[in-house]
Amino acid sequence: MKKILKKLLKKILGRLKSIGLVQWLMAGFLYVGINLVYLTSKKEIRGDYIFRNFRGRAAIFVFWHGRSMMLSPIVRKFRLDGYAVSSKHRDGRMMAKLQRMFGLRPIFGSTRDGGTNVLRGGLKVLKENKILCLSPDGPSGPLMRMNDGCLYFAKMSGAPIIPVCFTTTRPWRIKSRWDQYLIAKMFGRIVCLAGAPIYYDAADPDGMARLHQRIESVMVDQAQSLDREVGLSVLEQAPEAK
Numbered sequence: 053m054k055k056i057l058k059k060l061l062k063k064i065l066g067r068l069k070s071i072g073l074v075q076w077l078m079a080g081f082l083y084v085g086i087n088l089v090y091l092t093s094k095k096e097i098r099g100d101y102i103f104r105n106f107r108g109r110a111a112i113f114v115f116w117h118g119r120s121m122m123l124s125p126i127v128r129k130f131r132l133d134g135y136a137v138s139s140k141h142r143d144g145r146m147m148a149k150l151q152r153m154f155g156l157r158p159i160f161g162s163t164r165d166g167g168t169n170v171l172r173g174g175l176k177v178l179k180e181n182k183i184l185c186l187s188p189d190g191p192s193g194p195l196m197r198m199n200d201g202c203l204y205f206a207k208m209s210g211a212p213i214i215p216v217c218f219t220t221t222r223p224w225r226i227k228s229r230w231d232q233y234l235i236a237k238m239f240g241r242i243v244c245l246a247g248a249p250i251y252y253d254a255a256d257p258d259g260m261a262r263l264h265q266r267i268e269s270v271m272v273d274q275a276q277s278l279d280r281e282v283g284l285s286v287l288e289q290a291p292e293a294k
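The numbering of the sequence shown is the numbering used here, which starts it at 53 and goes up by one.
It should be emphasised that the hints constitute simulated quantities derived from the structure, not laboratory data.
Please note: incorrect hints may appear among the correct ones.
[As the list claims (entries may be wrong)] Derived lysine to aspartate or glutamate pairs resembling EDC-like cross-links, with alpha carbons at most 20 Å apart:
#1 Lys179 x Glu281
#2 Lys94 x Glu281
#3 Lys179 x Asp133
With these hints in hand, go ahead and build the complete structure from the sequences.
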């Protein structure tokens, strides 16, 4: 009986989360929470000149799926005009509403679903000298393993890829999730790192493979070195998907 009730409750909650008004309410709750954490934390932004330099210029900001929480208020801080790739799943639509509150407009789809729409929309954004934000290990992993979506944007637009990551001294890591999602708590220290811009080399016949290896390596190093610095347990990459 308990299992039946649990299954029924899960189904009801799932349907509620599909309702637009409920999604806006949830997004508003998260917006308030993220802002409280941001305002009560000490912030150290390394590479802040990169954020400033790409105000009004095309760039592809990439970050691991589990490291997205504190990046939206940082994008807002530097008044960057841009879009974020969001899943068409109900959770993705709720997150898109949250991102709107921080000034990021959505492009719906993923490399697995709606990829053509995402590519077309993303290239349009970059052509207009705006930024594009996406998680190259989304929407469902494996952990810290890139797909090639951001590489095609770089190849076809000429815009650089900029790896970004954050960590915190007061973390809550959701270990039950595939992305080991990192939640920052209030009154801690938040460290955000923006890496140097990386461009696609059209003259290199192995350019895509080299770019993939380089960016994935930089992003893994960002997460691991930042976590090590603040005393967090260091995450290891999941095995490559076969």
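We went through each hint and held it up to the structure:
Restraint check for Lys179 and Glu281: not satisfied, since their Cα atoms lie roughly 38 Å apart, outside the 20 Å limit. Straight-line distance between C-alpha atoms of Lys94 and Glu281 comes to about 16 Å, which keeps the hinted pair within the 20 Å bound. At most 20 Å may separate the alpha-carbon atoms for a hinted pair to count; Lys179 and Asp133 meet this at roughly 13 Å.
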